[in-house]
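Novice: Here are the chains, one letter per residue:
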Amino acid sequence: MLQGQIKSIAIAGGGVTSWLAASLLARVLRGSREIVVIETGDADTPQREFATLPPLTGLHTILGIDENDMLAKTDGTFRLATKFRDWSRIGGEYLHPLGETGANLNSIAFRHYWLKLRQSGLSASYADFNLCAVAAQARKFTRPSTDKRSVLSTLEYAYHLDAVRYAAYLRDYACKQCVRSEQGKIAAVTRNSTTGWVEAIVLEDGRRFEADLFLDCTGSKAQLIGADTGFEDWSPWLPCDRAIALSTAGGDTSLPCSQSVAHEAGWRWRIPLQNRVGHGFVYASAFMNDDDALSIFLGAVGSDASGEPVSWKFTSGRRRDIWSGNVIALGAAAATLEPLENINVHIAQIGIARLLALFPDRSFAHGEREEYNRLMASELDRIRDFLILHYHATARSDSPFWNQCREMPVPDALAHKIRQFQSRGRVVLYDEETFSEDNWASVFLGQDVLPRRYDPLVDNFDIEQSKTQLQRIRSTVRQGADSMPAHADFIRKYCAATPSHSGHVP
Amino acid sequence: MTGPKLANVVIVGGGTAGWMAAAGLACKLQKQCKIRVVESAEIGIVGVGEATVPHIRYFNATLGIDEADFMRKTHATFKLGIEFRNWARLGDSYIHPFGEFGRRLNGVDFHYYWLKLRALDEEPESGIFDCSLPVVAAKLGRFAPPTPDNSVMSTFGYAYHFDATLYAPYLRAYAERRGVVRTEGKIVDVSLRAEDGFVESLTLESGERIAADLFIDCSGFRGLLIEQALKAGYEDWTHWLPCDRAVAAPCETVETSVPYTRSTAHDAGWQWRIPLQHRVGNGYVYCSRFVSDEDAAATLKTNLEGRILAEPRFLRFVTGKRKKAWSKNCVAMGLAGGFLEPLESTSIYLVQAAITSLIELFPDKGFSPDDVDEFNRVMDFEYERVRDFLILHYHATERDDTPLWNYVRTMSIPESLEYKMKLFRDRGYVVKYKDGMFLDRSWQAVYLGQRVVPGHYDPLVETLDTAEIRRYVRSTKETVRRAAETMPMHDAWLARHIRTAAAQ
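Protein chains in written order, with my numbering: chain A, 1 to 506; chain B, 1001 to 1504.
The following block holds chain A by itself, in its conformation from the complex (with noise of 0.2 Å):
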């Protein structure tokens, strides 16, 4: 069996993905692999500053990366929600908080107390019952409580990150761990004539790195897998296709917090670092030219746009095939999609560690490729349909753009959990799904899909008990949101940014 381990793996691309891919394989094999990161200048976006999932903090913890030192070099701050404007209608606006909302009480989910006692005039949103949704606004942070007894062992949290200084900081330490790195550009991939395996990367310098395991990590450009398979397009659903990024100088400490704003034919974010600001537009082509967008996008930004504007066109979509001969499609190698819900460096993050779960052999002939392929397509589906609900789910009717989005069929698994969550407030849990049942209520919820009928069981209970349990709730949260420091100061406290990486934009 030893002979016919994978000696070594080659890494092409070089931003996050490709350093997260990097690090995580160096400490678990342990230095039993040459690994080599080939960096072709092929980040996975030119986005600048991005938003993560909580579960990259598990794999910090298995990285043993300290966290206080990883922000402080990534100009990084917290992020405990995502605020969405005008989404649903114009004015509209939710929070969509990490973290667990209300409390199963009774062993009846919280929402459905929630949804009744609306009825009879509760004016509070959902979000306020979410610890990490009223910090967030307070502008608070803490990380999470270890006692459960505690309201702060509710909380949850992800970050802001400069994609640069993270891929940076990643490289630092996978290179520690003797991971090898070499640049320059793909000139050709060479393959076996009978398999038609990659069987080596030339660069245009004429430099050949052969391997056992490729890991393409090249972005949507898919430089190794994608002459090998083909591509789902799910523009039918998603039918953005443009963004443009801008970086303002001026950090902002204060909001734990990513924002979301709808526009006419799409929508733009907010990402808030230490030093500066990330902002970006997202729009689809066929409903607004690139003029008009760029004017919109400056105009919403305000005086502060200092930098350069970066644009770039993508379709989204997965690979039909995510691991193909010897090849792994890692993040938006894999898939590609817009930055919304943060999922892009999560989807790097599952590619990966579902890689370790089914590591192969040199004779790739045990069935992983295969069972990798169905879980990834999985999960990715559920994803996709995470995203497609925040177009769907809207009462816009102010162009032609949300006229589509909303009238638009929907994949049958989505539509199911629509119909359910609509029906009786049920939500649906496939068998790969990245979101939780509390993000899922969270973005129905906050997209006005509101449930014609809340569990009966609710009923059991006196209407009075109930509104008495959600009052101590609600301020159970509030008193727990005032405990805690202000997200700026405890930036300050425990990772400001670093001197020789704050100031101006590299």
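Some clues are possibly wrong.
Footprint (simulated), chain B over chain A, 3 or more residues, beta carbon under 8 Å [as the list claims (entries may be wrong)]:
1) 359–369
2) 457–465
With a straight-line Cα cutoff of 20 Å, these simulated EDC-like cross-link-like pairs (lysine to aspartate or glutamate) come out [what the hints assert, rightly or not]:
3) B:Lys1031 with A:Asp462
4) B:Lys1432 with A:Asp381
5) A:Lys176 with A:Asp66
6) B:Lys1139 with B:Glu1485
7) B:Lys1139 with B:Asp1491
8) B:Lys1034 with A:Asp459
9) A:Lys148 with B:Asp1149
10) B:Lys1432 with A:Glu370
11) B:Lys1434 with A:Glu433
12) B:Lys1031 with B:Asp1364
13) B:Lys1432 with A:Glu432
14) B:Lys1477 with B:Glu1122
15) B:Lys1005 with A:Asp462
16) B:Lys1031 with B:Glu1176
17) B:Lys1434 with A:Asp381
18) B:Lys1005 with A:Asp459
19) A:Lys7 with B:Asp1465
20) B:Lys1031 with A:Glu464
21) A:Lys176 with A:Glu34
22) B:Lys1432 with B:Glu1415
23) B:Lys1301 with B:Glu1255
24) B:Lys1231 with B:Asp1380
25) B:Lys1432 with A:Glu433
26) B:Lys1432 with A:Asp431
27) B:Lys1323 with B:Asp1236
28) B:Lys1434 with A:Asp431
29) A:Lys221 with A:Glu39
30) B:Lys1422 with A:Glu370
31) B:Lys1434 with A:Glu432
32) B:Lys1422 with B:Glu1398
33) B:Lys1477 with B:Glu1125
34) B:Lys1434 with A:Glu437
35) B:Lys1365 with A:Asp459
36) A:Lys221 with A:Glu232
37) B:Lys1005 with B:Glu1360
38) B:Lys1434 with B:Asp1373
If you're looking for bench data, these hints aren't it; they were derived computationally from the structure. In this text, a Cβ means the ideal position worked out from N, Cα and C, and glycines have one as well.
Based on the hints, put chain B in the right spot on chain A.
Specialist: Here is chain B on its own, set in the frame of chain A:
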């Protein structure tokens, strides 16, 4: 938009399923609707000695049932797993435990490390079973409940063996205390509403008509409402699970009661042995194509350990499931919903899953098709995943000594199972899923017990050197052995915590 609340629920049939449904609904919905059970003393209940899976503890806990009281009144014993004898080969034996095999290390599942040592011929074929605390404890006849810490004592669960003819009355008392009304009587007619085909009322032999908003059909195999009245249809799975009869008889206990069920494969099926406090339940599940009723009964009698306590009873069944367990205003549970032989003790679990799903999707008078569709979707998953797991026991065999074993060994199996088995055979990988019974560790136990030997294992095992792996597996066995040896004997535990409590 929302319909008015249901006022009346009628449960047809008072066996284990009927009274579980009555108790479960009474616990959650007694304030909202009237619940009535119609049962006939003339129609016997199928419930033989029942073995269960750990989920039943959550059902009982939700009802607020005191464990010692329940165990005393149903003559229950503890169950740590099932021993399978003669399944893959004559002379084989393994235990499918309610628990883990060792712990993950460096992100790699424990069984892969063991598979490496096995490949090096350093481990006996059944060595991995020594890495499971419930297996080792069961073999020693020992029992103690798990602890909620992170120690080896937290690595298992348990269930019960009990007398099903006593569990139903136990739940009946519970349900009646919560306002459930029992009506004795034989149903002679079911009338459907002309406009939509919903069940309108039942007519009893006495002439009494019983109307309700929702009917729960727990009438057993015949499906009095769901099939005879509503024609929901039945999906037949006998081509995969060909056993279609059983013959059951209790016998005297001759040894101390062991904390596990036993399933012994015979020529044309298998025999269960369920140890209760006062007797042992036995039954031979067989395929009528390959053995006559007389021969089956004779085989059963020959294989009893103690004096037989009652004449053998015969049962007939068709393995499969109702195409729509919920149709119109009728939800079928228990044998009316489908039948899967009790090889992995799933009958009560499937009733429990149906009750839980019905409560989660409890309808109002509007009977939204959304609730019906979702219930049927969830229950289909439950049945299909249990089905695949049962087929695995038959199909993964080397036995070629009788027509039954030749048939099941060579039959084609569902694609969903084929896929799972291929991945285990190729690299010891267990396909996981969210909905449905049986965790990956159960699949591991049965694959390895049934001699599905992986050709390869996770290559990441090689990240550790062999000496380190050897130490890890050995220390796991040692920890398990020591923990098992410090547990009290099962009989002693029962005497101290269950029987003594009765005397007080």
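Novice: Take the hints in turn and mark each one as holding or not.
Specialist: Evaluated hints:
Proximity of the region 359–369 of chain A to chain B, defined as three or more residues with a beta carbon under 8 Å from a beta carbon of that chain, is established by the 7 residues found. By the rule of at least three residues with a Cβ nearer than 8 Å to a Cβ of chain B, the coverage given for the region 457–465 of chain A holds, with 3 such residues. Between the alpha carbons of Lys1031 (chain B) and Asp462 (chain A) the distance comes to roughly 11 Å, so the proposed pair stays at or under 20 Å and holds. Between Lys1432 (chain B) and Asp381 (chain A) the alpha-carbon distance is near 18 Å, which keeps this suggested pair within the 20 Å criterion.
Note on Lys176 (chain A) and Asp66 (chain A): the hinted pairing holds, with a Cα-Cα distance of about 15 Å set against a maximum of 20 Å. Taken as a hint, the Lys1139 (chain B) and Glu1485 (chain B) pair is honoured in the structure, with Cα atoms around 11 Å apart against an allowance of 20 Å. Straight-line distance between C-alpha atoms of Lys1139 (chain B) and Asp1491 (chain B) comes to about 13 Å, which keeps the hinted pair within the 20 Å bound. Of the pairs offered as hints, the one joining Lys1034 (chain B) and Asp459 (chain A) holds, with about 15 Å between alpha carbons and a cut-off of 20 Å not exceeded.
Restraint check: the Cα-Cα separation between Lys148 (chain A) and Asp1149 (chain B) comes to about 15 Å, which is no more than 20 Å; the hinted pair holds. For the hint pairing Lys1432 (chain B) with Glu370 (chain A), the CA-to-CA distance comes to about 14 Å; that is within 20 Å, so the pair holds. At most 20 Å may separate the alpha-carbon atoms for a hinted pair to count; Lys1434 (chain B) and Glu433 (chain A) meet this at roughly 10 Å. Proximity of Lys1031 (chain B) to Asp1364 (chain B) is assessed by CA-CA distance (about 15 Å); at most 20 Å being required, the pair is judged to hold.
Between the alpha carbons of Lys1432 (chain B) and Glu432 (chain A) the distance comes to roughly 10 Å, so the proposed pair stays at or under 20 Å and holds. This hinted pair checks out: Lys1477 (chain B) and Glu1122 (chain B) have alpha carbons roughly 14 Å apart, not beyond 20 Å. With a C-alpha separation of about 16 Å, the suggested pairing of Lys1005 (chain B) with Asp462 (chain A) holds against the 20 Å cut-off. A distance of roughly 14 Å separates the Cα atoms of Lys1031 (chain B) and Glu1176 (chain B); the hinted pair therefore holds under the 20 Å criterion.
For the suggested pair Lys1434 (chain B) and Asp381 (chain A), the alpha carbons sit about 16 Å apart, so the restraint of at most 20 Å is met. Restraint check for Lys1005 (chain B) and Asp459 (chain A): satisfied, since their Cα atoms lie roughly 10 Å apart, inside the 20 Å limit. Proximity of Lys7 (chain A) to Asp1465 (chain B) is assessed by CA-CA distance (about 16 Å); at most 20 Å being required, the pair is judged to hold. For the given pair, Lys1031 (chain B) sits about 17 Å from Glu464 (chain A) by alpha-carbon distance, which is consistent with the 20 Å threshold.
Under the criterion of a C-alpha separation no larger than 20 Å, the hint pairing Lys176 (chain A) with Glu34 (chain A) is consistent with the structure, at around 13 Å. With a C-alpha separation of about 16 Å, the suggested pair Lys1432 (chain B) and Glu1415 (chain B) falls inside the 20 Å cut-off, and the hint holds. The straight-line distance between the Cα atoms of Lys1301 (chain B) and Glu1255 (chain B) is roughly 18 Å, inside the 20 Å bound, and the hint therefore holds. Taking the CA atoms of Lys1231 (chain B) and Asp1380 (chain B), the gap is near 18 Å; set against the 20 Å cutoff, the hint holds.
Annotation: proposed proximity of Lys1432 (chain B) to Glu433 (chain A) holds, straight-line Cα distance about 13 Å (limit 20 Å). Pair hint Lys1432 (chain B) plus Asp431 (chain A) holds up; C-alpha atoms about 9 Å apart against a cutoff of 20 Å. With a C-alpha separation of about 9 Å, the suggested pairing of Lys1323 (chain B) with Asp1236 (chain B) holds against the 20 Å cut-off. About 5 Å separates the Cα atoms of Lys1434 (chain B) and Asp431 (chain A), which keeps this hinted pair within 20 Å; it holds.
The straight-line distance between the Cα atoms of Lys221 (chain A) and Glu39 (chain A) is roughly 14 Å, inside the 20 Å bound, and the hint therefore holds. Restraint check for Lys1422 (chain B) and Glu370 (chain A): the C-alpha separation of about 11 Å stays at or below 20 Å, so the hint holds. Proximity of Lys1434 (chain B) to Glu432 (chain A) is assessed by CA-CA distance (about 8 Å); at most 20 Å being required, the pair is judged to hold. For the proposed pair Lys1422 (chain B) and Glu1398 (chain B), the alpha carbon gap of about 17 Å is at most 20 Å, so the pair holds.
For the hint linking Lys1477 (chain B) to Glu1125 (chain B), the alpha-carbon distance of about 15 Å falls within 20 Å, and the restraint holds. Annotation: proposed proximity of Lys1434 (chain B) to Glu437 (chain A) holds, straight-line Cα distance about 14 Å (limit 20 Å). A distance of roughly 16 Å separates the Cα atoms of Lys1365 (chain B) and Asp459 (chain A); the hinted pair therefore holds under the 20 Å criterion. Simply put, Lys221 (chain A) and Glu232 (chain A) have alpha-carbon atoms about 15 Å apart, close enough for the 20 Å limit, and the pair holds.
Pair hint Lys1005 (chain B) plus Glu1360 (chain B) holds up; C-alpha atoms about 15 Å apart against a cutoff of 20 Å. Taking the CA atoms of Lys1434 (chain B) and Asp1373 (chain B), the gap is near 19 Å; set against the 20 Å cutoff, the hint holds.
The structure meets every hint from the earlier list without exception.
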